[in-house]
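Novice: Line by line, the protein sequences are chains A and B.
The numbering of the first sequence is our numbering, which starts it at 1 and goes up by one.
The numbering of the second sequence is our numbering, which starts it at 1 and goes up by one.
Treat the hints with caution; some may be incorrect.
Unchecked claim - Distance windows between CB atoms, simulated:
1) B:Lys325 - A:Ser328: 52 to 60 Å
2) B:Asp201 - A:Asp186: 34 to 42 Å
3) A:Lys266 - B:Gly44: 52 to 60 Å
4) B:Glu27 - A:Asp186: 42 to 50 Å
5) A:Leu252 - B:Leu130: 20 to 28 Å
6) B:Glu39 - A:Ser198: 44 to 52 Å
7) B:Lys246 - A:Leu252: 24 to 32 Å
Just so you know, these hints were derived from the structure itself, not from any lab.
All C-beta atoms, glycine included, are put in the ideal place defined by N, C-alpha and C.
Number of protein chains: 2
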Amino acid sequence: MKIVLDAMGGDYAPDSIVKGALRALDELEDIEIILVGNENRIRGLFDNLPDRITIYHASQVVNMEDSPTASVRSKKDSSINVAVNLVKNKQADALITAGHTGAAVCSTTLNLGLLPGIDRPGIATVLPTLKGYSLLIDAGANIDPRPSHLLQYAIMGEVYSKYVLKKQQVKVGLLNIGEEESKGTDFLKSSHKLLSSSNLDFVGNLEGADVFSGICDVIICDGFVGNITLKVLEGFANSIAILIKKYLNKNLVSKLGGLLARNAFKNLYKEINPAEYGGALLLGVKGICIISHGSSKTKAIKNAIRVASESIKHDINKHILEELKLES
Amino acid sequence: MKIVLDAMGGDYAPDSIVKGALRALDELEDIEIILVGNENRIRGLFDNLPDRITIYHASQVVNMEDSPTASVRSKKDSSINVAVNLVKNKQADALITAGHTGAAVCSTTLNLGLLPGIDRPGIATVLPTLKGYSLLIDAGANIDPRPSHLLQYAIMGEVYSKYVLKKQQVKVGLLNIGEEESKGTDFLKSSHKLLSSSNLDFVGNLEGADVFSGICDVIICDGFVGNITLKVLEGFANSIAILIKKYLNKNLVSKLGGLLARNAFKNLYKEINPAEYGGALLLGVKGICIISHGSSKTKAIKNAIRVASESIKHDINKHILEELKLES
Numbered sequence: 001m002k003i004v005l006d007a008m009g010g011d012y013a014p015d016s017i018v019k020g021a022l023r024a025l026d027e028l029e030d031i032e033i034i035l036v037g038n039e040n041r042i043r044g045l046f047d048n049l050p051d052r053i054t055i056y057h058a059s060q061v062v063n064m065e066d067s068p069t070a071s072v073r074s075k076k077d078s079s080i081n082v083a084v085n086l087v088k089n090k091q092a093d094a095l096i097t098a099g100h101t102g103a104a105v106c107s108t109t110l111n112l113g114l115l116p117g118i119d120r121p122g123i124a125t126v127l128p129t130l131k132g133y134s135l136l137i138d139a140g141a142n143i144d145p146r147p148s149h150l151l152q153y154a155i156m157g158e159v160y161s162k163y164v165l166k167k168q169q170v171k172v173g174l175l176n177i178g179e180e181e182s183k184g185t186d187f188l189k190s191s192h193k194l195l196s197s198s199n200l201d202f203v204g205n206l207e208g209a210d211v212f213s214g215i216c217d218v219i220i221c222d223g224f225v226g227n228i229t230l231k232v233l234e235g236f237a238n239s240i241a242i243l244i245k246k247y248l249n250k251n252l253v254s255k256l257g258g259l260l261a262r263n264a265f266k267n268l269y270k271e272i273n274p275a276e277y278g279g280a281l282l283l284g285v286k287g288i289c290i291i292s293h294g295s296s297k298t299k300a301i302k303n304a305i306r307v308a309s310e311s312i313k314h315d316i317n318k319h320i321l322e323e324l325k326l327e328s
Numbered sequence: 001m002k003i004v005l006d007a008m009g010g011d012y013a014p015d016s017i018v019k020g021a022l023r024a025l026d027e028l029e030d031i032e033i034i035l036v037g038n039e040n041r042i043r044g045l046f047d048n049l050p051d052r053i054t055i056y057h058a059s060q061v062v063n064m065e066d067s068p069t070a071s072v073r074s075k076k077d078s079s080i081n082v083a084v085n086l087v088k089n090k091q092a093d094a095l096i097t098a099g100h101t102g103a104a105v106c107s108t109t110l111n112l113g114l115l116p117g118i119d120r121p122g123i124a125t126v127l128p129t130l131k132g133y134s135l136l137i138d139a140g141a142n143i144d145p146r147p148s149h150l151l152q153y154a155i156m157g158e159v160y161s162k163y164v165l166k167k168q169q170v171k172v173g174l175l176n177i178g179e180e181e182s183k184g185t186d187f188l189k190s191s192h193k194l195l196s197s198s199n200l201d202f203v204g205n206l207e208g209a210d211v212f213s214g215i216c217d218v219i220i221c222d223g224f225v226g227n228i229t230l231k232v233l234e235g236f237a238n239s240i241a242i243l244i245k246k247y248l249n250k251n252l253v254s255k256l257g258g259l260l261a262r263n264a265f266k267n268l269y270k271e272i273n274p275a276e277y278g279g280a281l282l283l284g285v286k287g288i289c290i291i292s293h294g295s296s297k298t299k300a301i302k303n304a305i306r307v308a309s310e311s312i313k314h315d316i317n318k319h320i321l322e323e324l325k326l327e328s
């Protein structure tokens, strides 16, 4: 398996991207890595890379200020474009980027194309819950979708849950402001109707308070609401560490308690932060593309590589195509 | 000050509503309470109510399945309608309901009317943050607003923060999926423009991860996104208790640590749960209306009564009208 990494994308690129790649090579025996980016800069930081890593030079980088669509055309030699084209030309099996999400969505959509039956790609993110993991889709690829896009997300999310997350029964819920099917905007009412008439195990509307409780395996929403939900959870997870410390330090007894329970807290912080999971899958494109958090460090990149290798192994797009045929 | 309570609204009505009223009377000397609802049922539960509580009979109750607009007309004698009319007829200074939010919004809008310059009411909720409190508006009154509605929410939120929450400088932020002003839907881009050209201290877009960090005093969003954000935070806050326990119980040392730090955790849970704050203000209507969480128990109702008494004292609507004049 060859996995290509956008070595220039993300807050800690290229340093953490390369370190993540090195860590992944230790853990996963059956992969090779292609780093795409400024070759001199990468070699300057890491002068002795193992044989299983190759560098593919790209002269440009998409910045956070760049327009997603324009950047695909104006920066043809950007690290993300070059990485996508390596997948397109079958020189790699999957790509990972922690750079500009919009640019990654545009570049993959335009260069790789969409699976037949899919009108828009969606970002599927694994969320920690009280009962394990749920999948939220869309986390930000499509902020103004139609109901039919949400149905496509639900089908792709179900397939991912079945084949990669190994869930036998996949319950699908629609994120809304109330449980009754009359709740929400016209867009949500139409989406509810469409999901109800599908072959999916659709359990109806789901409220914000249920996201973390894990009552659904797949949570469907538009990309705007999905992005806010995900980031609210991440912000809260990051804040909890600060708050717990603050409360424990209020007196000596609780401070001692905090010291004894130190490891428990460390493990807790890891479990509740969605950013720890390393990579969200961009579902719907002809190829495997992992969108990592901009703030990804070594471990998150290593996890993203693991997600990529699992998606390749389970041939996720083949199963999506089969499922789409059953639904149509 | 006379505060009217919808005694039939909420998951624990009328029991917790009446208990909350009794608790508030102990703490607040300058208030009287009117309970609106089924008199026999209330007297059956509490046979000896103090003089400062009166009961006003209402023969109907709005159920969660009722349509908000239809219920205002078809159930004229519902507890929420009767409570609103007591405010309209100056027999009370403020009203509180933990019942059907949509029905409360409709009944107050139709019966009390809106402040001149306000096109739609918005629910303003106090959120706990790392730096104290922020105000989120709208938390669910208006799920399909126009940019001008968001500007009105921002003005009302600023006034509330200044006069009730006693903040000297009020920073206003727009909840969006990125910091750049080019981010989000057309609705958000227009809202950003409108807020930028106002007299408010508008700091621009705010991401989901910043909600809990407290970098803004007033967080503006549409009612759909606001409701999801609030409920996601509540759900997470409720889950944290379960998760912390789970991790502490993994070995004896951390279990002991947890016992020592028990009080610290209790205080933490209280601080981080938005549901603890008792009442959100429905801003924009001609009158003072507090929307409480459906799951409100005694303490939340007591807190809602405190919020109502403070809003009456600070004459919030007078200040909103002054501020609207300055902006226009």
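Novice: Run every hint past the structure and note whether it holds.
Specialist: Hint check results:
1. As the Cβ distance of B:Lys325 to A:Ser328 is approximately 58 Å, the hint placing it in 52 to 60 Å holds.
2. A hinted range of 34 to 42 Å for the beta carbons of B:Asp201 and A:Asp186 is consistent with their spacing of about 35 Å.
3. For A:Lys266 and B:Gly44, the hinted distance range of 52 to 60 Å is satisfied, since their beta carbons lie about 53 Å from each other.
4. Against the hinted window of 42 to 50 Å, the Cβ-Cβ separation of B:Glu27 and A:Asp186 comes to about 45 Å, which satisfies the hint.
5. Distance hint for A:Leu252 and B:Leu130: a CB-CB separation of about 24 Å, consistent with the stated range 20 to 28 Å.
6. A hinted range of 44 to 52 Å holds for the C-beta pair B:Glu39 and A:Ser198, which are about 49 Å apart.
7. Between B:Lys246 and A:Leu252 the C-beta distance comes to about 26 Å, which sits within the given range of 24 to 32 Å.
Taken one by one, the earlier hints all hold for this structure without exception.
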